[in-house]
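Engineer: Taken in sequence, the protein lines are chains A and B.
For any residue, its number in my numbering is found by taking its place in the first sequence, counting from 1, and adding 2.
For any residue, its number in my numbering is found by taking its place in the second sequence, counting from 1, and adding 8.
Hints are computed from structural coordinates only; laboratory data are not their basis.
Ideal Cβ placement from N, Cα and C applies to all residues, glycine included.
Just to be clear, a hint being listed does not mean it is correct.
[Said to hold, decoys possible] Which bits of chain A does chain B cover? Going by a derived footprint, with three or more residues having C-beta under 8 angstroms, they are:
1) 57-63
2) 97-109
3) 187-199
4) 202-212
[Unchecked claim] Result set (DSS-like, lysine-lysine): computed pairs, CA atoms no more than 25 angstroms apart in a straight line:
5) B:LYS320 / B:LYS310
6) B:LYS248 / B:LYS97
7) B:LYS310 / A:LYS185
8) B:LYS248 / B:LYS98
9) A:LYS185 / B:LYS320
[Claimed, not checked] FRET-style restraints, in silico, Cβ to Cβ:
10) A:GLU102 / B:VAL66: 44 to 52 angstroms
11) B:THR167 / A:ALA48: 28 to 36 angstroms
12) B:LEU176 / A:ASP52: 18 to 26 angstroms
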Amino acid sequence: MPGNIRSVSAVRVVLLCLVFCRRLTIIGAAPICTNGQAGCHVLSLANLFDRVIQHSARMHGISNDLHSEFEQYFLPSKNQVGRVSRNCHTSTILTPNGKENAQRMAREELTEVILKLLVAWGDPLWHFHQTLEMSDMVHELRKGVEKVAEKMQMLGIIVNSVSSQASPEALLPSDSAEWRLMKDYDLLYCFRRDSNKVQNYLKILKCRIVPEHGC
Amino acid sequence: MYCCLSQISSSNSLRKLKAIHQSNAVLALFFSVSNLYLSLSFCHCLSAPIEPHFTECVSRDQETFRCWWSPGTFHNLSSPGALRVFYLKKDSASREWKECPEYIHSNRECFFDVNHTSVWVPYCMQLRSQDNVNFFNEDYCFTVENIVRPDPPVSLNWTLLNISPSGLSYDVMVNWEPPPSADVGAGWMRVEYEIQYRERNATNWEALEMQPRTQQTIYGLHIGKEYEVHIRCRMQAFTKFGEFSDSIFIQVTEIPSRETTLPLTLILVFGIVGILILIMLIVVSQQRRFMMILLPPVPAPKIKGIDPELLKKGKLDELNFILSGGGMGGLPAYAPDFYQDEPWVEFIEVDAEDADTGEKEDNQGSDTQRLLGLPQPASHHMNIGCSNTVSFPDDDSGRASCYDHDVPEQDTVMLMATLLPGQPEDGEASLIVERAPTPERGERPLIQTQTTGPQTWVNTDFYAQVSNVMPSGGVVLSPGQQLRIQESTSATEEETQKKGKESEGSEETEGKKQKEPQFQLLVSTARQISTPPISPMPGAEYQTIQHPQPAETKPAAAAEDNQSPYILPDSPQSQLFAPVSDYTVVQEVDSQHSLLLNPPPHQSPPPCLPPHPLKALPAMPVGYITPDLLGNLSP
Numbered sequence: 003m004p005g006n007i008r009s010v011s012a013v014r015v016v017l018l019c020l021v022f023c024r025r026l027t028i029i030g031a032a033p034i035c036t037n038g039q040a041g042c043h044v045l046s047l048a049n050l051f052d053r054v055i056q057h058s059a060r061m062h063g064i065s066n067d068l069h070s071e072f073e074q075y076f077l078p079s080k081n082q083v084g085r086v087s088r089n090c091h092t093s094t095i096l097t098p099n100g101k102e103n104a105q106r107m108a109r110e111e112l113t114e115v116i117l118k119l120l121v122a123w124g125d126p127l128w129h130f131h132q133t134l135e136m137s138d139m140v141h142e143l144r145k146g147v148e149k150v151a152e153k154m155q156m157l158g159i160i161v162n163s164v165s166s167q168a169s170p171e172a173l174l175p176s177d178s179a180e181w182r183l184m185k186d187y188d189l190l191y192c193f194r195r196d197s198n199k200v201q202n203y204l205k206i207l208k209c210r211i212v213p214e215h216g217c
Numbered sequence: 009m010y011c012c013l014s015q016i017s018s019s020n021s022l023r024k025l026k027a028i029h030q031s032n033a034v035l036a037l038f039f040s041v042s043n044l045y046l047s048l049s050f051c052h053c054l055s056a057p058i059e060p061h062f063t064e065c066v067s068r069d070q071e072t073f074r075c076w077w078s079p080g081t082f083h084n085l086s087s088p089g090a091l092r093v094f095y096l097k098k099d100s101a102s103r104e105w106k107e108c109p110e111y112i113h114s115n116r117e118c119f120f121d122v123n124h125t126s127v128w129v130p131y132c133m134q135l136r137s138q139d140n141v142n143f144f145n146e147d148y149c150f151t152v153e154n155i156v157r158p159d160p161p162v163s164l165n166w167t168l169l170n171i172s173p174s175g176l177s178y179d180v181m182v183n184w185e186p187p188p189s190a191d192v193g194a195g196w197m198r199v200e201y202e203i204q205y206r207e208r209n210a211t212n213w214e215a216l217e218m219q220p221r222t223q224q225t226i227y228g229l230h231i232g233k234e235y236e237v238h239i240r241c242r243m244q245a246f247t248k249f250g251e252f253s254d255s256i257f258i259q260v261t262e263i264p265s266r267e268t269t270l271p272l273t274l275i276l277v278f279g280i281v282g283i284l285i286l287i288m289l290i291v292v293s294q295q296r297r298f299m300m301i302l303l304p305p306v307p308a309p310k311i312k313g314i315d316p317e318l319l320k321k322g323k324l325d326e327l328n329f330i331l332s333g334g335g336m337g338g339l340p341a342y343a344p345d346f347y348q349d350e351p352w353v354e355f356i357e358v359d360a361e362d363a364d365t366g367e368k369e370d371n372q373g374s375d376t377q378r379l380l381g382l383p384q385p386a387s388h389h390m391n392i393g394c395s396n397t398v399s400f401p402d403d404d405s406g407r408a409s410c411y412d413h414d415v416p417e418q419d420t421v422m423l424m425a426t427l428l429p430g431q432p433e434d435g436e437a438s439l440i441v442e443r444a445p446t447p448e449r450g451e452r453p454l455i456q457t458q459t460t461g462p463q464t465w466v467n468t469d470f471y472a473q474v475s476n477v478m479p480s481g482g483v484v485l486s487p488g489q490q491l492r493i494q495e496s497t498s499a500t501e502e503e504t505q506k507k508g509k510e511s512e513g514s515e516e517t518e519g520k521k522q523k524e525p526q527f528q529l530l531v532s533t534a535r536q537i538s539t540p541p542i543s544p545m546p547g548a549e550y551q552t553i554q555h556p557q558p559a560e561t562k563p564a565a566a567a568e569d570n571q572s573p574y575i576l577p578d579s580p581q582s583q584l585f586a587p588v589s590d591y592t593v594v595q596e597v598d599s600q601h602s603l604l605l606n607p608p609p610h611q612s613p614p615p616c617l618p619p620h621p622l623k624a625l626p627a628m629p630v631g632y633i634t635p636d637l638l639g640n641l642s643p
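For reference, chain B alone in the conformation it holds in the complex (with noise of 0.2 angstroms):
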């Protein structure tokens, strides 16, 4: 490339030598401008008369040319044959004028044929008036390869070459024929060819690039649009274009793709039926492994619950603690206002109680007492428990719950007091809490009285099932199966009452005494309790929880296996005894893991026994207050 770099170290020479010329060439036209104007100026018109000339000499296969003039401003010579056309051609030593070969006067054309036609040799045309007069001096001079514009190309057509992915765009393929007059296969000329295509409504025609060959693939087209294509030609390396051919029109429309949606469609049908057989065949064949796998079984509900282990011997502090909301384990710890607004529901303040204590004498707050309007051993004996601080969080497990605080304390005490109309009217608190005694362990049945005078209430948080509303108001609890009046006076130990297992029914008790072997109550299950005396009755009420034997309730006589120390009821009361009720308050649990059942006091109905009587209710468990009760309740 040693060239280049002279052409660096004489750039500067260049440049001189490039502003001599230019100035030579700008003198140069300086006097041909000069000589226009000055050959103008004497016309002195605004357009200056134009002489006869020839407008342009064409050869279209570079063996046969035309020109074509045209008379100027000079009116006068435009009739056919005016003026005349006479050539020289500047290839041999003879340098004389001819005359056109051929005329087409209609065209003023001057035809050159075959003959006439020399390549590669300078042309001279002039034109003369037809006296061969006057020479119009501008002499036409060229070469017949220098002025070949060949005939356009013909036989455009296109072919689709594909579509891009997205579908927006596509690429064409135009194939064309060389023009017929033009000798390109003997390779007399060498032809290139340029393409020019724009949009429809387009006005710029976009070129692309000269190349010799018959095809040529335009990229990039959009779909939807209509493009408009033409083409022309010239010879390689010379500079004149052909005319422009016909133009084609290129479009192409979407075209749904109905091929790829096909095969998914087929795809997925059959997927899914395979998918169908393969399982009826594992169902069929009933595979174990299989079926828990497909199906896998149901799993039991869990409650959230207390755990059982917390209910065994010992861990009464850690039930307590839960069950009164505390921990993670602990039962859902609703708002006390949850059951502000039902005043039927009650809630009994639960004591805990210190199992191991033993204590006894804790019933001083038993909602019960409160409930049936006893005096309480200590203080507060109106204090029914109506506090509205009781927010006892468990669910509705039908104990007594608080009144509202609009009814007066006194109506409900006396109310409560008429709820538990059963009591034994000795007085004596006969819960009957058993055990069924092992007989390993022989322990000997429990059975709690209490023996605390007008005080014989035990606690009573628990349910006992009121069989029966007295019109005076009083509430029948529903009779035991049996009365079990405790006649010994063994010392019963009280035991922290089960809070939330007896309050769950007798369904539940009965469930749960399969859990607790070791308890052994005495459960009346009175369905049809029937409507008895609204007035108490000694130990008609009783609700004994029979320990489990299988899951259903015994009449007493079930227990009498295994506590000999029952108080049975008389006979007569025995009549009275309606079936066990279904719920059963559970006061304690004594030392021994015995549930202690209040049994109803027998005393006169507490004083606050409200004014008017009640109707014959149905019985009802203790501790509920149906809506309907509710009304007659209410003062």
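Just chain A, with the same shape it has in the complex (with noise of 0.2 angstroms):
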């Protein structure tokens, strides 16, 4: 088995750069300014928000991309979806189903899952593969994230401090070995579907905060 994923693990290599290499020149976060950094400008937490929402855009499209890429090539059945084996080692993270949902969990929970979720993105895709910057781009929106529930904090939207001190690992459940016994096509499946629940929940988490018109 790790031989096989050894193997495979090259075949990824391919693919995520494939993908990357595209995207590599579409991805342009911009830093966020930590505390005391010259020559930077604090931004209002619409702009937060924006820029936090176009990557998580970003990074759900490039695991599209990667997803049917790799579902090209390796022409899996259809029917992958009614596996029950397939299971997600972020299925334990309590998240709204639905857009009601959603808008009816407090903020504070919601940005929670949110980080939840990018955390336990973080070490997995490293495992993955360590020459793509998947991991890293989501370590960035992570730290954006963070970034955005401090500013909210400080304006007094939420009230209680999000677990952002907490160290990463904590937030994952003990089980955390599940994860490696995925197949790739399953990581890749997963961290699809997360990457659309963190996009999701970012702009609910926007129109509900920062209101605008059509929310």
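Assembling the complex is the task here: the two chains are given apart, and the hints tell you how they should meet.
Structural biologist: The following block contains the structure:
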């Protein structure tokens, strides 16, 4: 099994590179200012949200391309979804499954869910392939969301501090080695799903916090 | 980009792994196909029975979804309620099949409302028979976000952006609204749109690039053609498109560009009016300078003639050269046969004479002598000069030209002789060419007389006006104003004849007089030429060219002042003097630049007279034979 995984990992390199090298130029995540950084002006919350949402959209796009190319190359049967064995390692994280659920959820909870997801995906992606920048992107997005949470906290929008200070590993369930067992295709499938979740949650969060027409 | 470098290095391993996976996939496919074949082979039918199955499950807004099923070939199960839909949500530990929350049997549709819809959760659908006995194996599993097909956009419309300068193509901006069912505003669904268009009668659609904005430009549509446009959308980063919207039609017909022509015409009109006003102002103000610019004076016609300088003394060679047609400044050389067809036009050969030599007796080839049939001093007495080679390159100057060679020379000679009946009987040529003795010069007028006896001809190559034609065929030269017969025998010096100048006629001679003050000629400008008797009259036909007094020829009385040695005719003769003829033949110009006119001889009419008499004809210049005369003359 490990040998199989490693042999496939080389394939993953190709796939990810195909997608990445195309998208690398597109992804131009603007650096988010840390405190005390000179020459960096503070951004408004709406602007922060926009940046983060943009980033998450790109991430979802890349994950989608990866998944579809993987599917195209290896011709899996159509109904992979029906396989019961598919079980994402993030399935334990309770996430709202609908628009109303997400809108009804408290902002703090929603923010926390987002962060949990992002945290959960940092390591697996890194382990998926070290040279890919996908995990870096996830890390960047996580930091961005944390910034947003801090800003919201500063503005008094959310009360409880998000457990950003806590170590990321604490968020994961104890059985964190589960993701190592996932197949590559499942990994990509799960990542695609979770990136879509993150994107949608961020949008809903922004619509609730920064009101704009259409929300 | 080190990832791509690693790609290159691992391409080989990729191929191997790909091959392995492909082989695995092929094996799986083979097994599934074999299974299908086996299942189908049981039937022994052409069309294998199709089990009830789900045709499709679709969500429009990612909040609800619906599933449709079909009974397949099991028609006994097509009745509503014969088949039941069960689903399984794999979101929680509880994995139990639930029945469809809402049936729409008319459509064979199962609708899942918001409460029963969970996104990112796998669903599996199952058809069961009514009695829950038969489970149809095929499970249809999906997640809601993967089956989203958004509704088509609404409010599709277009506006014209611009038309190309050539007027053949145009650009159009198309606008639309996102589908109302998709919550795009809240960001729950992010949608991208695809526009397709085609010409009215085309079969293939042109698809533009997908983009998430609600407007797009279509470039390069052709004027006059009708285009059909529709649009559809899908979720970003997903694969399933929604339905196409209703088509709209775009057509732009040619617009006549009147705007461009209108200012042009205005500019033209104003420009013309302005220029006209300006011209009027200039004309009215009479500014000389502007007038010269606007309305330049018409230049006087410049007839290419002979440089008057050449007429001065000592340049007769050049003059002859020019007159003979040579040189650049020469007179146009007519073709010899230019006048061949007109027998009445006769050329007289002009002999170029050297002025300095002052030969007097060069009248041997004179046409007048030939004309009059007088014996020539030279041999060619009968040579009236009617050689056909005479091709005098001059315009019709009225000189007596050579007859048509049909006419016998004899007659011609006789005719010629009669043409000049007014020759002095004494046979003296009385060419009176005088020069006004300028006081300073004190030259004596020259009177040339021909005392050569029977040969009294001086070169009369130029004209003498014929005043009348005798019945016998002779021509009466119009009498001069006075007959000036030279009595003195002063040596006359002949000079080369003027060719072109005198032939012009009196008017020109008058004009010439002005130019050549040195010459004095007595001109006979007898307009009313009475019908003089045909008989030759002594001295009646003299032609004297008067030197210029003011441009009218005066009677010879005026010349009396200058010349004493004129021979005045007798008074009775003077009666017979018709007014001075228009033409004068100047035979020569003597050394003193006097024009010498030959008097007609007085001898008997030359033997060449035509036998038949001539009718009395009005006087005509010497040398001319008018066409009606010609009829009389020719035998």
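Engineer: It remains to establish, for every hint, whether it holds in the given structure.
Structural biologist: Hint check results:
Counting residues of the region 57-63 of chain A whose C-beta sits closer than 8 angstroms to any C-beta of chain B gives 3, which meets the bar of three, so the coverage hint holds. With 5 residues carrying a beta carbon less than 8 angstroms from a beta carbon of chain B, the region 97-109 of chain A meets the three-residue requirement, and the given coverage holds. By the rule of at least three residues with a Cβ nearer than 8 angstroms to a Cβ of chain B, the coverage given for the region 187-199 of chain A holds, with 3 such residues. For the region 202-212 of chain A, the proposed coverage by chain B is satisfied: 5 residues have a C-beta within less than 8 angstroms of a C-beta in that chain, meeting the threshold of three.
A distance of roughly 21 angstroms separates the Cα atoms of LYS320 (chain B) and LYS310 (chain B); the hinted pair therefore holds under the 25 angstroms criterion. The straight-line distance between the Cα atoms of LYS248 (chain B) and LYS97 (chain B) is roughly 22 angstroms, inside the 25 angstroms bound, and the hint therefore holds. For the hint pairing LYS310 (chain B) with LYS185 (chain A), the CA-to-CA distance comes to about 113 angstroms; that exceeds 25 angstroms, so the pair is violated. As the CA atoms of LYS248 (chain B) and LYS98 (chain B) are separated by approximately 23 angstroms, the hinted pair is consistent with the 25 angstroms bound.
For the hint linking LYS185 (chain A) to LYS320 (chain B), the alpha-carbon distance of about 129 angstroms lies beyond 25 angstroms, and the restraint is violated. Between GLU102 (chain A) and VAL66 (chain B) the beta carbons are some 20 angstroms apart, a value that contradicts the proposed interval 44 to 52 angstroms. Between THR167 (chain B) and ALA48 (chain A) the beta carbons are some 31 angstroms apart, a value that agrees with the proposed interval 28 to 36 angstroms. Distance hint for LEU176 (chain B) and ASP52 (chain A): a CB-CB separation of about 43 angstroms, inconsistent with the stated range 18 to 26 angstroms.
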